[in-house]
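J.: What follows is the residue order along each chain.
2 protein chains.
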Amino acid sequence: MEFITTRELKERLSELQGQEVSLRGWIRNHRKQKDVCFIDFFDGTCFRNPQVVYDNSLPDAEAARALRVGSAIVVTGRVVPSYKDPETPEIQATAITLEGDCPEDYPLQPKRHTVEFLREIAYLRPRTRLFQAVFRVRSVAAMAIHTYFQDRGYVYVHTPLITGNDAEGAGNTFTVTTLPPEKAGKYEEDFFGKQASLAVTGQLEGETFAMAFSRIYTFGPTFRAENSNTKTHAAEFWMIEPEIAFCDLKELMDLEEDFLKAIVKTVLEKCPDELKFLDQYSGGGLLEKLQTLLTSTCARVTHEEAITILRKAMEAGKEFKFEPKYGEDTAKEHEKYLTEEYFHSPVFVYDWPKDIKAFYMYQNDDGKTVAAVDLLVPGSGELMGGSQRETRCELLEKRMDELHISKEDMYWYVNLRRFGGCTHSGFGMGFERLLIYLTGVDNIRDVIPYARTPMTCDF
Amino acid sequence: MEFITTRELKERLSELQGQEVSLRGWIRNHRKQKDVCFIDFFDGTCFRNPQVVYDNSLPDAEAARALRVGSAIVVTGRVVPSYKDPETPEIQATAITLEGDCPEDYPLQPKRHTVEFLREIAYLRPRTRLFQAVFRVRSVAAMAIHTYFQDRGYVYVHTPLITGNDAEGAGNTFTVTTLPPEKAGKYEEDFFGKQASLAVTGQLEGETFAMAFSRIYTFGPTFRAENSNTKTHAAEFWMIEPEIAFCDLKELMDLEEDFLKAIVKTVLEKCPDELKFLDQYSGGGLLEKLQTLLTSTCARVTHEEAITILRKAMEAGKEFKFEPKYGEDTAKEHEKYLTEEYFHSPVFVYDWPKDIKAFYMYQNDDGKTVAAVDLLVPGSGELMGGSQRETRCELLEKRMDELHISKEDMYWYVNLRRFGGCTHSGFGMGFERLLIYLTGVDNIRDVIPYARTPMTCDF
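From first to last, the protein sequence lines stand for chains A and B.
Just so we're aligned, residue 47 is where the first sequence starts under my numbering, counting upward by one.
Just so we're aligned, residue 47 is where the second sequence starts under my numbering, counting upward by one.
Simulated from the structure, these hints should not be mistaken for laboratory data.
Hints are supplied without guarantee of correctness; some may be wrong.
Copies of the same chain are indistinguishable here, so a pair counts whether it falls within one copy or spans any two.
With a straight-line cut-off of 30 Å between C-alpha atoms, the simulated BS3-like cross-links for lysine-lysine are [stated by the list, open to error]:
#1 Lys296 with Lys56
#2 Lys296 with Lys382
#3 Lys414 with Lys80
#4 Lys232 with Lys277
#5 Lys240 with Lys364
#6 Lys240 with Lys277
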């Protein structure tokens with residue numbers, strides 16, 4: 047017996063009309079009428095699921111009627127036009143056999159469960175429509191990111207996850223050790239002979255490869271031991287960090303904008319059914335937001351200009367919990383105002399106050415700002431953070447001294463400026479932030495397969 | 047000024063002949079004759095590098111002659127036919143300017159360095175021809191893997207790296223903690239409220255997604271705290287773990303073979319220059335090995351048959367350090383004999399003795415073996431390890447009890463067999479093992495950007 051997937055069924059639907067096919071998958075719902083029964087069938091290869099229909103003429107119809115929600119089955123039947131929707135296949139079953147049973151108390155019943163409950167059964171939630179949509183978008187978006195960079199000659203680099211550096215993550219890192227508790231802290235006896243932690247970024251190592259391949263990107267997990275229980279923080283998440291030699295801040299913004307549009311375009315093309323579902327799920331506006339992005343231009347303002355806009359809004363009566371101030375960071379509510387109320391589009395905010403940004407950013411001539419840029423997007427705030435890197439060795443070293451970052455430990459990073467250094471820039475994008483933007487699902491716990499957050503490390 | 051990359055130069059070479067172009071990159075070598083000078087120029091976007099030629103008519107020729115190896119430069123010049131190789135572009139320079147200088151004591155001089163020395167300067171080695179080849183193959187192979195699975199409808203799943211499970215990795219895992227040394231071991235006060243470690247596999251979580259999407263794969267880092275200093279062991283490496291519902295052991299072998307051939311084919315097509323270089327570097331035979339694979343069929347033998355072959359060889363005079371025995375694991379030398387001397391091809395060895403394999407493998411009717419399969423390849427030994435999974439709940443639980451694996455902690459894994467379970471199979475492939483096979487480079491430290499091994503965690 048030749049089997050096809052529901053994805054093949056959808057793709058070859060007109061050709062298969064009237065033909066007999068065999069499918070393997072699971073029962074999402076099973077509705078029984080006196081003469082005819084309906085199975086909502088899925089195998090996860092396609093968001094649009096066929097309906098399996100059978101009546102009492104089916105051999106062993108009694109056994110079929112007893113099949114429970116959640117069971118794995120093998121279905122053979124004829125493809126017929128669906129009376130309710132020409133694009134949704136219907137299978138007139140001639141045989142249905144049970145592959146794997148499922149008990150009555152199966153937690154996933156065909157009703158709307160809360161996302162909180164579904165997190166408790168995270169190992170089953172990918173079987174629901176919501177998570178079929180979310181995790182397929184996740185997979186398609188990941189591939190779109192790889193394709194974008196590879197098509198443009200970028201080299202994919204796996205930067206290390208275990209690191210002896212602590213340059214960026216002071217205080218926010220997980221320690222990695224093989225020492226038994228009684229030897230804790232004796233790092234010279236530890237696996238690596240020194241204190242090691244989980245990386246908070248691959249950027250610094252990424253720069254070493256950009257100085258060899260010109261254009262590189264990373265796509266890997268990153269870790270923050272931040273004790274914050276918010277909708278956007280997780281202890282383990284995936285990051286994309288491209289780094290480009292001979293690229294300045296302006297060109298970096300061009301790249302970020304082109305990149306974001308390309309990813310959105312691909313996901314819109316490859317996941318129309320999923321996005322339609324997510325649009326409804328998230329209350330509408332998602333599809334419009336994504337489609338609008340493709341034809342609009344992202345706004346670009348300096349940090350100073352952004353603060354001026356925010357202060358004017360405040361003076362005109364807009365209420366903020368935190369006052370927007372020159373020289374200081376912006377708050378979520380400020381980002382929300384800029385993207386959703388003022389510009390109605392993603393916004394690049396660049397030239398940030400030096401004192402609130404990282405040591406490796408290019409110091410502008412004004413002596414106050416650095417060539418850093420944050421991309422803010424409607425609905426999820428900061429999506430990408432990037433900068434032109436400081437290439438002048440003496441300025442970099444001075445900044446490291448000021449911030450008590452060891453030039454000796456980081457000699458290799460400093461040396462990149464000595465050994466054929468060049469203007470270069472890069473950005474980081476949290477993959478889950480992108481998914482929140484793409485799916486309208488607003489909690490990071492629901493866009494990652496198994497979320498790790500304070501006090502939670504299940505499955 | 048419009049810049050092009052050396053990759054664009056190669057791709058558009060015939061169209062660009064006679065045109066003026068501008069390039070940005072680095073000096074690998076600089077040979078100066080009385081009247082004419084040659085710069086081996088690279089920007090890392092292409093393995094085939096143009097030669098930049100200039101003579102004393104160049105404006106500021108003296109400054110150009112002073113340019114040192116390792117410096118970043120901007121070159122403008124006319125594309126002319128190369129006298130030595132029609133496919134290698136030559137640039138007749140009309141302007142060369144220094145972007146970033148490099149001192150005389152730059153460690154990477156244009157001579158053959160040992161790989162041991164290059165490991166010490168791992169942050170510079172991607173600039174060498176060897177590592178330009180290795181790390182581009184790494185990137186191209188990674189993309190080939192994603193493309194293979196995505197083209198076939200597999201969903202890419204990011205399984206968690208930090209885990210509370212210890213099912214597979216007992217004793218070989220890194221602990222992840224935020225506890226200060228004085229509180230070491232008080233895991234109830236730790237970040238996750240329990241002991242957490244770095245994952246040794248994503249398979250178990252992968253199975254939960256295969257039971258929802260039918261076909262999934264993982265591609266992410268994996269960790270082993272194994273204190274072994276061999277050429278094939280690293281504490282941090284990348285793994286690919288596909289998992290397929292409604293797939294048995296035979297179909298799994300078919301998939302593995304098709305997958306391997308597809309990756310090899312793509313790398314042969316996309317990295318011809320890199321592989322030619324690596325073929326010479328590794329002493330020849332690499333290209334032939336890879337090309338032969340495409341047209342041959344992998345051998346398939348049971349573990350018992352493999353031992354019989356090995357014992358017959360031994361009886362015929364073949365010397366092994368370890369005696370091949372029924373019911374026991376094979377040694378590296380046995381794998382080498384099977385692939386390189388007996389079959390001259392990759393070999394699937396399947397139906398392994400149950401006692402030396404993992405708890406989740408399908409127990410064959412003979413009561414002695416499990417439906418596991420190892421794929422052995424010439425030159426790098428075991429490349430993939432897979433199995434049909436045990437789907438019978440009572441047999442799985444019995445095996446877990448025998449091996450003292452907690453059914454309570456792993457309730458979710460066991461439940462996959464209760465809630466619509468089905469025949470399913472999957473394999474794991476160490477990405478660096480694949481790269482050793484693809485590049486002929488025989489040490490894992492040289493196919494990963496920054497290797498983590500016992501007592502080594504640099505950069």
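J.: All hints are to be evaluated individually against the structure, with a verdict given for each.
T.: Verification of the hints:
Only between protomers do Lys296 and Lys56 lie at most 30 Å apart by alpha-carbon distance; the minimum there is 27 Å, versus 44 Å within a single protomer. In this assembly of identical chains, the alpha carbons of Lys296 and Lys382 lie at most 30 Å apart only when taken from the same copy (24 Å versus 54 Å across copies). For the homomeric pair Lys414 and Lys80, neither the shortest alpha-carbon distance inside one copy (77 Å) nor that between copies (50 Å) is at most 30 Å. Taking the closest pair of Cα atoms, Lys232 and Lys277 come within 30 Å of each other only across two copies (28 Å); inside a single copy the shortest separation is 37 Å, beyond that limit.
In the homo-oligomer, the alpha carbons of Lys240 and Lys364 never lie at most 30 Å apart, since the shortest distance is 52 Å inside one protomer and 45 Å across protomers. Taking the closest pair of Cα atoms, Lys240 and Lys277 come within 30 Å of each other only across two copies (22 Å); inside a single copy the shortest separation is 35 Å, beyond that limit.
Hint violations for this structure: numbers 3, 5, all remaining hints satisfied.
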